[in-house]
Amino acid sequence: MADSPSSFSTQANALLRKNLTFQKRNIKTNIRLVLSPFFLCLLLVLIQTLVDKELDKPSNRCGCACVGTDGNGQCERRCGIEYSTLDQGFSCPIPHPPEWPPLLQIPKQQFRAVRTDYISYGDLPNDLCKRTGSCPVTMLITGNNQTLGQSVAGNMLAGPLNINSSDILYSLADDALGSETMTEYSNFLDAAFFSSIPVDFLQPQCASISLFSVPLQVGSATVQQDVRCVQGLHLWRNSTSEINDELYKGYRKGNPQRQINEIVAAYDFVNSNENLFNVTIWYNSTYKNDTGNQPLALARVPRSVNLASNAYLQFILGPAAKLLFEFVKEMPKPETKLRLDFSSLLGPLFFTWVIVQLFPVILTSLVYEKQHKLRIMMKMHGLGDGPYWMISYAYFLAISLIYMICFVVFGSGIGLKFFTLNDYSIQFVFYFLYINLQVSLAFLVADLFSNVKTATVVGYMMVFGTGLLGGFLFQFFLEDSSFPKAGIIAMELFPGFALYRGLYEFAQYSFNGNYMGTDGMQWKDLSNSDNGMREALIIIAVEWVIVLGVAYYADQVVSSGRGPLFFLRRHQKNLSSSFRKPSLQRQGSKVFIQMDKLDVEQERERVEQLLLDSSTNHAIICHNLKKIYPGRDGNPEKFAVRDLSLALPHGECFGMLGPNGAGKTSFINMMIGLITPTSGSAYVQGLDIRTDMNRIYTSMGVCPQHDLLWGTLTGREHLLFYGRLKNLKGASLLQAVEESLKSVNLFHGGVADKQARKYSGGMKRRLSVAISLIGDPKVVYMDEPSTGLDPASRNMLWNVVKRAKQNRAIILTTHSMEEAEHLCDRLGIFVDGSLQCVGNPKELKARYGGSYVFTMTTSPDHEQEVENLVQYLSPNASKIYQISGTQKFELPKQEMRIADVFEAVEKAKSRFTVQAWGLADTTLEDVFIKVARGAQAFTTLS
1 MADSPSSFST QANALLRKNL TFQKRNIKTN IRLVLSPFFL CLLLVLIQTL
51 VDKELDKPSN RCGCACVGTD GNGQCERRCG IEYSTLDQGF SCPIPHPPEW
101 PPLLQIPKQQ FRAVRTDYIS YGDLPNDLCK RTGSCPVTML ITGNNQTLGQ
151 SVAGNMLAGP LNINSSDILY SLADDALGSE TMTEYSNFLD AAFFSSIPVD
201 FLQPQCASIS LFSVPLQVGS ATVQQDVRCV QGLHLWRNST SEINDELYKG
251 YRKGNPQRQI NEIVAAYDFV NSNENLFNVT IWYNSTYKND TGNQPLALAR
301 VPRSVNLASN AYLQFILGPA AKLLFEFVKE MPKPETKLRL DFSSLLGPLF
351 FTWVIVQLFP VILTSLVYEK QHKLRIMMKM HGLGDGPYWM ISYAYFLAIS
401 LIYMICFVVF GSGIGLKFFT LNDYSIQFVF YFLYINLQVS LAFLVADLFS
451 NVKTATVVGY MMVFGTGLLG GFLFQFFLED SSFPKAGIIA MELFPGFALY
501 RGLYEFAQYS FNGNYMGTDG MQWKDLSNSD NGMREALIII AVEWVIVLGV
551 AYYADQVVSS GRGPLFFLRR HQKNLSSSFR KPSLQRQGSK VFIQMDKLDV
601 EQERERVEQL LLDSSTNHAI ICHNLKKIYP GRDGNPEKFA VRDLSLALPH
651 GECFGMLGPN GAGKTSFINM MIGLITPTSG SAYVQGLDIR TDMNRIYTSM
701 GVCPQHDLLW GTLTGREHLL FYGRLKNLKG ASLLQAVEES LKSVNLFHGG
751 VADKQARKYS GGMKRRLSVA ISLIGDPKVV YMDEPSTGLD PASRNMLWNV
801 VKRAKQNRAI ILTTHSMEEA EHLCDRLGIF VDGSLQCVGN PKELKARYGG
851 SYVFTMTTSP DHEQEVENLV QYLSPNASKI YQISGTQKFE LPKQEMRIAD
901 VFEAVEKAKS RFTVQAWGLA DTTLEDVFIK VARGAQAFTT LS
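Take the sequence shown: its letter number 725 is residue 725 in UniProt numbering, and every next letter is one higher.
One or more of the hints may lead you astray.
Stated by the list, open to error - Below, simulated DMTMM-like cross-link-like pairs (lysine to aspartate or glutamate); rule was C-alpha separation at most 25 Å, straight line: (1) Lys329 <-> Asp226; (2) Lys930 <-> Asp599; (3) Lys288 <-> Asp123; (4) Lys845 <-> Glu784.
Since the hints were derived computationally from the structure, they do not count as laboratory data.
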């Protein structure tokens with residue numbers, strides 16, 4: 001027997017053991033869950049292998065050739081860029097990168113600046129030039145000294161194109177060249193010279209022949225590059241404001257209804273003069289490769305600076321003076337292989353799915369306990385909120401940690417750069433913080449659902465929605481340098497996007513590290529302003545704390561039924577040996593009192609006297625308990641329980657009878673803490689159900705109307721779990737479990753160690769009764785305990801209940817009059833929420849059944865003679881049934897003797913044929929029907 005309530009550690013130990021057993025039963029599901037990221041990682045490795053095999057073809061490697069060394073036909077194999085095609089050249093070592101003429105970024109023909117309805121400068125060309133493809137390119141000039149500015153600008157494009165065939169690239173560097181092509185990641189092979197688009201050279205006026213080709217030698221290949229003349233305009237603007245306005249109105253990403261008007265560059269010479277050169281330059285970055293950080297040289301900016309400085313020098317010293325900008329080139333590079341790391345390229349999307357798929361697993365587990373009322377069942381048997389939260393949270397966190405460790409180990413073991421290049425300590429911190437947030441979020445969201453199927457659908461919608469929105473929406477904002485950082489942080493407040501941001505940063509660092517042959521993300525990289533990992537870690541950590549607190553608060557309000565402001569209430573002092581003394585004044589509502597309900601009034605007076613007596617040891621006392629459900633959809637409010645007063649001592653089994661909807665279940669739900677009373681009070685072992693339910697649970701047992709069991713746990717494991725909650729330990733626990741199993745006939749034949757899902761309905765019912773009685777609870781509630789049992793099992797169960805009631809109070813509901821009469825010391829009949837009568841079965845039958853039931857069957861022709869016979873026996877007899885010659889009558893016991901009935905029937909047999917007859921005493925069922933009908937009739941009249 002448990003002598004005291006179980007401690008926090010005992011409850012935590014019980015729940016942990018149950019969870020571990022449950023996890024063991026679901027080992028196959030767990031293995032499938034853990035292996036799912038392994039198969040995904042393996043799929044990425046297979047894709048990576050196929051891609052690497054394709055990229056490793058000779059056509060993608062540095063070219064080689066057989067070079068003759070003697071006259072014997074022998075040759076030496078040599079490799080290098082000089083033996084490579086243009087496609088092969090990217091992988092070759094380049095100790096001496098090629099030199100390329102510096103270029104301007106020229107707008108494409110259809111985007112060049114012209115006059116429009118919103119840019120109406122008269123010096124701009126007419127838009128008809130776009131139809132003929134002859135639009136010039138525009139440079140805008142401003143400054144404090146217009147004469148100086150226009151003079152300097154005029155020197156920028158002076159001089160005809162002069163090409164030296166012996167050194168073509170060097171001679172091109174003397175001219176203002178430009179290109180419409182997009183820039184690349186590197187400048188080993190400038191895209192402008194390996195494109196079908198001609199290279200442009202800018203002149204104030206173009207000659208009749210404006211397009212020609214020049215040969216360019218690159219490695220072993222000779223490329224014919226088209227060069228064309230493009231007219232360049234220098235247009236004066238009065239201020240930088242005019243330039244800014246013109247640039248803004250012609251911006252490509254502006255209003256889509258507007259025509260795009262691009263310029264080559266704009267120059268503000270500010271306060272420049274013969275002794276001072278001061279210039280501000282705008283440049284065109286529309287065609288810049290913006291997938292990463294790119295130096296200004298690759299954005300074709302240096303040429304704009306050189307044109308201005310060289311033109312100013314000529315303005316000061318004359319046209320012979322030159323400040324040549326001969327070439328631009330890349331840094332030398334070693335031999336490289338063409339790499340494409342798929343794990344980093346696809347990692348953010350796929351790994352988001354891998355990690356977030358834990359969310360619906362945890363969510364459905366929590367909602368399952370809620371839907372099947374297992375959580376409240378555990379609570380009613382003594383499991384406190386503290387142990388439940390600690391163990392459940394730690395349990396799901398441990399599962400998540402194992403899952404993530406396996407995920408990282410799998411990915412690292414098969415060589416995914418996403419894992420191997422990035423610092424493992426950063427990965428651990430990031431994953432640890434996020435899975436904590438995810439577990440907390442699952443606890444919070446679980447309060448919103450009461451159905452596992454709905455929660456599962458929503459959970460997996462969040463899984464795929466998070467990945468898809470992250471990959472196809474959020475990532476675009478991350479890669480858009482013009483998108484404000486505050487907007488990114490605001491979007492990361494959604495936990496899935498914060499996860500995606502962290503994975504995206506890992507992917508970027510591993511991709512670049514693999515491409516450049518360097519390490520991935522290190523702790524020092526978190527200080528980089530372009531690295532969003534630091535913000536993601538801070539957001540996840542802060543949200544974890546906030547979500548966990550909100551989840552606990554919501555659980556107390558939703559699952560525990562406490563008020564929204566429960567934390568503001570003062571903790572009232574609990575009574576250990578005496579009852580509180582509530583006001584005994586009657587409520588203001590009108591109470592109808594029938595004269596034949598004196599037993600109910602006597603019970604009320606008894607309750608009021610007990611409340612004034614501090615030495616009472618009654619197990620249960622209810623005083624004017626009331627439950628009203630508010631009206632909805634235009635319906636009136638529903639009185640489920642009306643001013644119920646009841647007292648039960650230890651050792652008594654009280655039976656509650658009544659038709660469906662009479663209020664029996666509502667009364668029990670108030671007593672076990674599922675719903676709160678509208679008014680009135682009730683005390684269990686001296687503790688108030690309104691404030692002390694957590695203490696009441698430690699001495700309470702419940703057998704609910706529907707079996708609340710874990711399908712994968714055995715009967716023995718159920719009893720071990722609930723026994724531990726009742727503070728049973730060691731040999732006492734094992735003995736109590738064995739005795740409980742034997743008492744309900746679940747011990748022999750291996751039934752005790754069979755999973756509950758394999759039990760029949762009757763076996764589950766017997767297990768529920770055993771659970772309600774284990775641990776010696778002082779108060780037990782049984783809601784129709786024998787439902788679905790065969791007669792033998794029912795009689796066995798009755799014996800269990802009869803033995804159990806010796807030292808505890810039991811409240812039992814049933815529709816079986818035989819069960820009520822066999823088990824209950826007292827009965828109460830409920831109708832329409834009110835207690836109509838109370839007493840032991842014999843008293844009720846004597847009070848409400850003071851008559852015999854006389855039945856006689858004859859031919860229809862003799863029905864009147866039977867009525868005369870009954871009137872002779874009892875003048876106050878009443879007919880209660882008649883059909884086809886069979887009639888039933890109620891005969892008051894005080895008006896007749898049984899011997900007179902036998903004598904009268906014998907005489908009647910001589911006058912007419914009596915097919916059958918009988919005389920029966922009133923049954924409990926008759927009492928129930930009579931009381932129920934009378935109460936319903938009284939309610940109708942009232």
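| task | Would you pick out the hints that fail for this structure and give their numbers low to high? | result | Checked against the structure, the only hint that fails is number 3, while the rest are satisfied.
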